[in-house]
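Peer 1: Below, each chain spelled out in residue letters.
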Amino acid sequence: DGGITQSPKYLFRKEGQNVTLSCEQNLNHDAMYWYRQDPGQGLRLIYYSQIVNDFQKGDIAEGYSVSREKKESFPLTVTSAQKNPTAFYLCASSTLQGWSATNEKLFFGSGTQLSVL
Amino acid sequence: GIQVEQSPPDLILQEGANSTLRCNFSDSVNNLQWFHQNPWGQLINLFYIPSGTKQNGRLSATTVATERYSLLYISSSQTTDSGVYFCAVARAGGTSYGKLTFGQGTILTVHP
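Protein chains in written order, with the numbering used here: chain A, 94 to 210; chain B, 12 to 123.
Just chain A, with the same shape it has in the complex (with noise of 0.2 Å):
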């Protein structure tokens, strides 16, 4: 089944402490996306990818990293620095096509519920 994969599904992070959410695509889709979700809110962007090996910062990145090693795979890093990492993570995958990349149809795995003990 194509689709996309998030793990694990429940996450729980100590201060001071950095945990890494997976995201795998079997899709063939060349961009992949974080987005964040607060209760009642809708969905902010943190990073997005295009292409292997680049990623650019999306409207909330601080205290968030990502790497983009392969073209299934865009792992988000929660670090120490985000202080209030208590929300509900999403990622989502497109295809880019032609030059103004505008034809997209976003999927999205089934998230990750992240809470501080």
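Treat the hints as calculated values from the structure; they're not laboratory data. One or more of the hints may lead you astray.
Said to hold, decoys possible - A few chain B residues that don't get close to chain A, going by computed Cβ distances all over 12 Å: (1) 23; (2) 31; (3) 69; (4) 84.
To be verified - Heads up, incomplete: computed chain A residues facing chain B, CB under 10 Å, no partners named: (5) 133; (6) 134; (7) 136; (8) 137; (9) 141; (10) 151; (11) 152; (12) 153; (13) 177; (14) 181; (15) 185; (16) 202; (17) 203; (18) 204; (19) 210.
Quick caveat, the model's predicted, so the values are computed rather than measured. Glycine included, every Cβ here is placed at the ideal spot set by N, Cα and C.
Assemble the complex: chain A is given as a structure, and chain B must be docked to it using the hints.
Peer 2: For chain B alone, coordinates are given in the frame of chain A:
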């Protein structure tokens, strides 16, 4: 950045009723998508519709790009339609590839 406003924020329906959800945006867009988030958090892509009209079963959507709004119609609603509906857009021009800005969502509750 681009602003996205969804209305109403909450909607409660009886099963079988019809509804219209609205999404207003503040700038020209080249990408607009509607999503449904189920009670378990999974986001499902309903429509990619930067302009025009599309239909998929009981759901249809219309975007009037020149007037900067989109509508999502749900007919003969079912309890499984409950959840949060999000509109997301990307501003036309620039390098906003895939950088969707999400609205705050409409919470739909369908009672049996």
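Peer 1: Taking the hints in turn, state whether each one holds.
Peer 2: Hint-by-hint comparison with the structure:
1. Residue 23/B, annotated as away from the interface, keeps every beta carbon of chain A farther than 12 Å; the closest lies near 16 Å.
2. For residue 31/B, the requirement that its beta carbon stay farther than 12 Å from each beta carbon of chain A is met, with the minimum near 20 Å.
3. For residue 69/B, the condition that its CB be more than 12 Å from all CB atoms of chain A holds, with the nearest at approximately 20 Å.
4. Its beta-carbon lying about 20 Å from the closest one in chain A, residue 84/B satisfies the requirement of being farther than 12 Å from that chain.
5. At about 8 Å, the closest approach between the beta carbon of residue 133/A and any beta carbon in chain B falls short of 10 Å, and the interface hint on this residue holds.
6. Hint status for residue 134/A: holds, given a least beta-carbon distance of 7 Å to chain B, under 10 Å.
7. At about 4 Å, the closest approach between the beta carbon of residue 136/A and any beta carbon in chain B falls short of 10 Å, and the interface hint on this residue holds.
8. The interface hint given for residue 137/A holds, since its Cβ lies 7 Å from the closest Cβ of chain B, which is under the 10 Å cut-off.
9. Residue-level restraint check for residue 141/A holds (minimum Cβ-Cβ distance to chain B is 6 Å; threshold 10 Å).
10. For the restraint placing residue 151/A at the interface with chain B, the shortest Cβ-Cβ distance is roughly 7 Å, inside the 10 Å limit, so the hint holds.
11. At a threshold of 10 Å, the smallest CB-CB gap from residue 152/A to chain B is about 8 Å, leaving the interface hint in force.
12. Contact between residue 153/A and chain B, as hinted, is not supported at the beta carbon level, the nearest pair being about 12 Å apart and thus beyond 10 Å.
13. With its C-beta approaching chain B no nearer than about 19 Å, residue 177/A sits outside the 10 Å limit, and its interface hint is violated.
14. Because the smallest distance between the Cβ of residue 181/A and any Cβ of chain B comes to about 6 Å, under 10 Å, the interface hint for this residue holds.
15. Taken as an interface hint, residue 185/A checks out: its beta carbon lies about 8 Å from the nearest beta carbon of chain B, inside 10 Å.
16. Interface hint at residue 202/A: satisfied, since its Cβ lies 9 Å from the closest Cβ of chain B, which is below the 10 Å cut-off.
17. Interface restraint check for residue 203/A: the shortest CB-CB distance to chain B comes to about 5 Å, inside 10 Å, so the restraint holds.
18. Using the Cβ-Cβ criterion of 10 Å, the hint placing residue 204/A at the interface with chain B is satisfied: the shortest such distance is roughly 5 Å.
19. The criterion of a C-beta within 10 Å of any C-beta in chain B is not met by residue 210/A, whose closest approach is roughly 21 Å, and the hint is violated.
Checked against the numbered hints above, the structure breaks hints 12, 13 and 19 and satisfies the rest.
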